[in-house]
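Protein chains: 4
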Amino acid sequence: MSGVFGMNIKMSIYGESHGKAIGVVLDGLPPGLKLDEEAIAKEMARRAPGQSALTTARKEKDAVEIQSGFFEGYTTGTPLCARIVNGDQHSKDYSILKDKMRPGHGDYAGYVRYQGFNDYRGGGHFSARLTAPLVFAGAVAKQALAQYGIVIGAHIASVYDVQERSFNPMGESDATLQGLNAKAFPVLEDAVGAKMQERILQAKGELNSVGGVIELMATHVPAGIGAPYFDSLESRLSHVLFSVPAVKGIEFGDGFGFAALTGAEANDQLHYENGAVRGYTNHNGGITGGISNGMPLVFRVAMKPTPSISREQKTVSLSKHADTTLTIVGRHDPCIVQRAVPVIEAVTAWTLWDLILEAKKWEK
Amino acid sequence: MSGVFGMNIKMSIYGESHGKAIGVVLDGLPPGLKLDEEAIAKEMARRAPGQSALTTARKEKDAVEIQSGFFEGYTTGTPLCARIVNGDQHSKDYSILKDKMRPGHGDYAGYVRYQGFNDYRGGGHFSARLTAPLVFAGAVAKQALAQYGIVIGAHIASVYDVQERSFNPMGESDATLQGLNAKAFPVLEDAVGAKMQERILQAKGELNSVGGVIELMATHVPAGIGAPYFDSLESRLSHVLFSVPAVKGIEFGDGFGFAALTGAEANDQLHYENGAVRGYTNHNGGITGGISNGMPLVFRVAMKPTPSISREQKTVSLSKHADTTLTIVGRHDPCIVQRAVPVIEAVTAWTLWDLILEAKKWEK
Amino acid sequence: MSGVFGMNIKMSIYGESHGKAIGVVLDGLPPGLKLDEEAIAKEMARRAPGQSALTTARKEKDAVEIQSGFFEGYTTGTPLCARIVNGDQHSKDYSILKDKMRPGHGDYAGYVRYQGFNDYRGGGHFSARLTAPLVFAGAVAKQALAQYGIVIGAHIASVYDVQERSFNPMGESDATLQGLNAKAFPVLEDAVGAKMQERILQAKGELNSVGGVIELMATHVPAGIGAPYFDSLESRLSHVLFSVPAVKGIEFGDGFGFAALTGAEANDQLHYENGAVRGYTNHNGGITGGISNGMPLVFRVAMKPTPSISREQKTVSLSKHADTTLTIVGRHDPCIVQRAVPVIEAVTAWTLWDLILEAKKWEK
Amino acid sequence: MSGVFGMNIKMSIYGESHGKAIGVVLDGLPPGLKLDEEAIAKEMARRAPGQSALTTARKEKDAVEIQSGFFEGYTTGTPLCARIVNGDQHSKDYSILKDKMRPGHGDYAGYVRYQGFNDYRGGGHFSARLTAPLVFAGAVAKQALAQYGIVIGAHIASVYDVQERSFNPMGESDATLQGLNAKAFPVLEDAVGAKMQERILQAKGELNSVGGVIELMATHVPAGIGAPYFDSLESRLSHVLFSVPAVKGIEFGDGFGFAALTGAEANDQLHYENGAVRGYTNHNGGITGGISNGMPLVFRVAMKPTPSISREQKTVSLSKHADTTLTIVGRHDPCIVQRAVPVIEAVTAWTLWDLILEAKKWEK
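Protein chains in written order, with my numbering: chain A, 98 to 461; chain B, 98 to 461; chain C, 98 to 461; chain D, 98 to 461.
Bound conformation, chain A alone (with noise of 0.2 Å):
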């Protein structure tokens, strides 16, 4: 089991790269929420692929049909189906792949888990096109935060070797984070930026790919939001974040920085700020005891390369069993990272809004 997120709001994903439709059952939507449609499609195309030399020239138009609980322009407070029908497949590309195991992606562990019946076309149910959902999802979600005047936005810290400013921990200005949602390649310094586009493109010349590092700040959070040990507002982040697809690390705050600082630096000592309890510092990015403390919340992702290169790869024959090789053909990104900046906040959106829900059964 695996399709279903969230405790107050809850996400019911399904659907294959290669499938019919892939989409989401949104479970718990508070009735009344005006959802602007327009907003919506904003936040699909960011991630929607075919949009430049820099990602797959597959072109996925991800237009979103939504299927239920909305109704004369507000969610009904009945389950929402949004729904995406797949296009552009070229099925043909990937009957290799039911027998040889494509290195660093999820194919073999996928194989014995789902005994073989798993779909195998374009990763089938672990692709990465799964991940229009969630955006769908935390665009929803967003909108339900603004209310709050919550404000998320996230840039590529690195690209391999090329690194661009962090945020400032005590917080950005609404415009920084909003200028950020607007790029087509969220990064605080232009001109890094194009580094990293240079970067990415050579690793696409050389058949290859590259990782990287997505920093993401959340303002205006109020504090009160999360729960010392199994709810902790780390604990429910980081479940859905490592639900996205190459992310292999993630650190709240100075996160592995920590180790190398003394108790008497990292602590955030506090003080008064205009009535509002706040740090000197923000090394614990917005979050003690698992609770939003009112600073901003700061995390960082490690993403990995991208799996699918078109070089030849050593790999096992399922059917014949015995070592093979494999050349991936078709159509992949050579960096997956700024497409999945918008992913990244979805999942954070969506996520603060359970929690936001959640500390809402305790007002008086």
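Derived from the structure by calculation, the hints contain no laboratory data. Wrong hints could be hidden among the right ones.
Note that the list lumps identical chains together, so a pair holds whenever it fits in one copy or between two copies.
Here are the simulated DSS-like cross-link-like pairs (lysine-lysine), alpha carbons at most 25 Å apart as the crow flies [stated by the list, open to error]:
no., residue 1, residue 2
1, Lys417, Lys461
2, Lys117, Lys139
3, Lys417, Lys301
4, Lys158, Lys117
5, Lys195, Lys461
6, Lys158, Lys457
7, Lys117, Lys131
8, Lys292, Lys461
Got chain A sorted already, so can you dock chains B, C and D onto it with the hints?
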């Protein structure tokens, strides 16, 4: 809500640092599991404080009283409650904490979340004392995993600026991993371990604290455990690992190191070895597509320095709504890393068992 | 939240009576289950309207389009989405229902719950049309249960004042139960069934409606399915049975009849029969201590008369905040009982399968 | 798995009849709920045995020790564990039950489910003793519901062939309902209650037992609690009501009586009364479309006769794999109905609270 974790086996923890007792209810345990109570006591002792100059002077025996679900030496299959009575409490040490929020702790965030009603003594439910029930749950899980031949070992990869060699991602011997379990200060290289301990004592002397990194390896994990998306092995593990106090970062396999590799370098190419599919490398730490792939499971967690230090720190007084300072008195760990090792192992064991039971549903 | 049901297999339903489509996502289905699509279509047809004078004149073909999770004739193990496009809608019939609450329906309660945002056309998400996805889920479950030899049959025990014989609690033959599945109006005694149908047509003629009782039997259910307390077989079954619109009562075995028995009469005394433990009687309907005991599972559900009747009824106008009257126009079932039979079977099959998968976790 | 119930507040029960202790962990309780411990003790006493000739001679004080989650008179919002130490056990009475299965009990079904490892003494975890933690959870919930003005009362509608008047479905006064709470043998008509008690003592004299029906009413339940389909108020309530040992039937409002009504009779027509929408009748027992509609909640549960009777009964010996007889010695309740009344109230209170918290998420 935050106290229940697991899908097929659920643990429900309870308790506060200075309350009557802490404990855990384990629901869904298979009947007929013979429990070695001595082995459980040994695991509890690994986490318990008061064992050396490296840890807090508090002495908690952490004797577990099983209340239910255990009959004539075997689990019954009905809920097993384990209870640990609190002792050696100096509640008077903590009264000031009702008003002054400790920097780096969850005090302020928890004050908001719990509307001022949470037990502030020693951190209450936020206290790392609650990791004792986690260790108990893990000790039961480890005995179950032994049936499958799974071996879990962890070491202190670094303390502040002292670090030792990493695990060989292709696997360590059972003897090496089990040897770590037996060590009071689990390191691969004892000389480095000695330096780490020096570093901890130096921090203690300076009324300061240090953090570090723990690396865990689990070998003989069968391929096919986990799922893509929301129940990925990384998702389930990170969820519970970030529930452990002070954990601020997690990376599987190469983790953040992936960002500096190309796809050609990062992909674990495959071959048959003694009839089994194996990688030539294990950059992915034993997980691809969210599912175990038969290679050793490897991950690293970053732990921040203990926030409790005996230096004066700036903070706020809630009652006076004013800035103030706080010098925390009492007994603290100058480094939590070595005591966290069995906790990290425990929640890993619990989660692996949970996912193994998940996979059993689909057995023919 | 209300759209997700199941522990090991989860169904997530969506849709409204007059929306674009309705459907269900089935998560956790084991891979490799061969699906007979014709048999599924047959189950869908049993519930579909427009087949005789006994039911509403609405015609819905209820053709199921599987979107995902089904590949080359087998379930993949990843989420299976089934979609049914809505057709033959007369949305204009329903506009008055935004204001005037239909007596006996969930209109007013739903108005409050959904704050006036729910789709009022034809009951929207409350519509019994949503039982079509339940029948689909049950049709899949029935094919899985067939592997275990489990046979499920149900009959119309009564319609208004016409009642037929009950099942023999000691068991009915497979032929009898399967024969019921094949009948358009499933009764044990056709002569009584004819009277029931007359009674329904009489109600229709009088612009009225009638209810009734459905009795279900499942044979060859293995002993050991269920649990004491919260996952008792009665708990899980009643949960989902009361989710079926119009169900207002449930009794297992002798049910309310137990109140008129002494313990000496009511206890099912035991003996061995062909090596298996069996009761001399089956007052408990195959469940003791919340767990199946190897005897036939027997329960009865009471269904209220269809609330939609074409007579003038007293009700309220929300817009005018005043008393008024309402005459519901449109096409309605004078009796929902016969169409509910496959729904009752479906949710039972789903739940039995869920609990069988639960038990598999503990297999050695 | 079976020990955890609830969505927004979860209770996790543990314990066996003859183990060390039984108890419950309540997770998700809102912080700041002032608990009246005396009122809790009074509820516990209502269920406790040994109070009259009508009940078992076993004496269990059922003194609750709160372990956590309760601080300075208020709930903290962190898990609250309540523990009840077992006492007055005659474990030797029960040893034969390892081999001989008691008719009417869950012994054989449980033997299969738990593979022979469950604690057979006094029914172990299956024992109705586990309803003590349910009463505790309900006592907490009742105090929360009092904030909303909700009043819950229940009476013994029948014992064997003796029955008293039903609740007026349009509502009973607070005084009537609260008066029932205060009675040792809760009936509306004391003369009928005396006959019921005679009937119970007669059964006791005949080494026999009797069952009965409990009817519950909750008034001042706000409209809008519950949902269509899987979280219908009927679904959630029946789920937990069937978790109470010996419950075999449930009906809401007219329940099985609906089958004998026409739609014109059964529909609760509506009007305004003091500005609120009310039914002219309340056949639906306060629930339409799965959601509370503002009318009194009314339901009835059927309880079977206590299976433990001191007559010789036919059963099987598992060790000899042969038919045999069993005469159960020990102390038993000739009727469980009166002791079940506070349990039925308790699980109802818990579930209403859970669904009220659910509704709070959608408050503006």
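A quick look at each hint next to the structure:
1. Proximity of lysine 417 and lysine 461 under a CA criterion of 25 Å is satisfied inter-copy only: 24 Å between copies versus 66 Å inside one chain copy.
2. When the C-alpha separation of lysine 117 and lysine 139 is checked against a cutoff of 25 Å, the pair qualifies both within a copy, at 23 Å, and between copies, at 23 Å.
3. In the homo-oligomer, the alpha carbons of lysine 417 and lysine 301 never lie at most 25 Å apart, since the shortest distance is 32 Å inside one protomer and 61 Å across protomers.
4. Within a single copy, lysine 158 and lysine 117 get their C-alpha atoms as close as 14 Å, and across copies as close as 20 Å, so both meet the 25 Å cut-off.
5. For a Cα distance limit of 25 Å, the shortest separation of lysine 195 from lysine 461 across copies, 22 Å, qualifies, whereas the shortest one inside one copy, 57 Å, does not.
6. Taking identical chains as interchangeable, the C-alpha atoms of lysine 158 and lysine 457 are never at most 25 Å apart, the minima being 37 Å within one chain and 38 Å between chains.
7. When the C-alpha separation of lysine 117 and lysine 131 is checked against a cutoff of 25 Å, the pair qualifies only between copies, where the shortest distance is 19 Å, while the shortest distance within a copy is 29 Å.
8. For the identical chains of this complex, lysine 292 and lysine 461 are neighbours neither inside a copy (52 Å) nor across copies (47 Å), given an alpha-carbon limit of 25 Å.
The structure fails to meet hints 3, 6, 8 from the earlier list, while all remaining hints are met.
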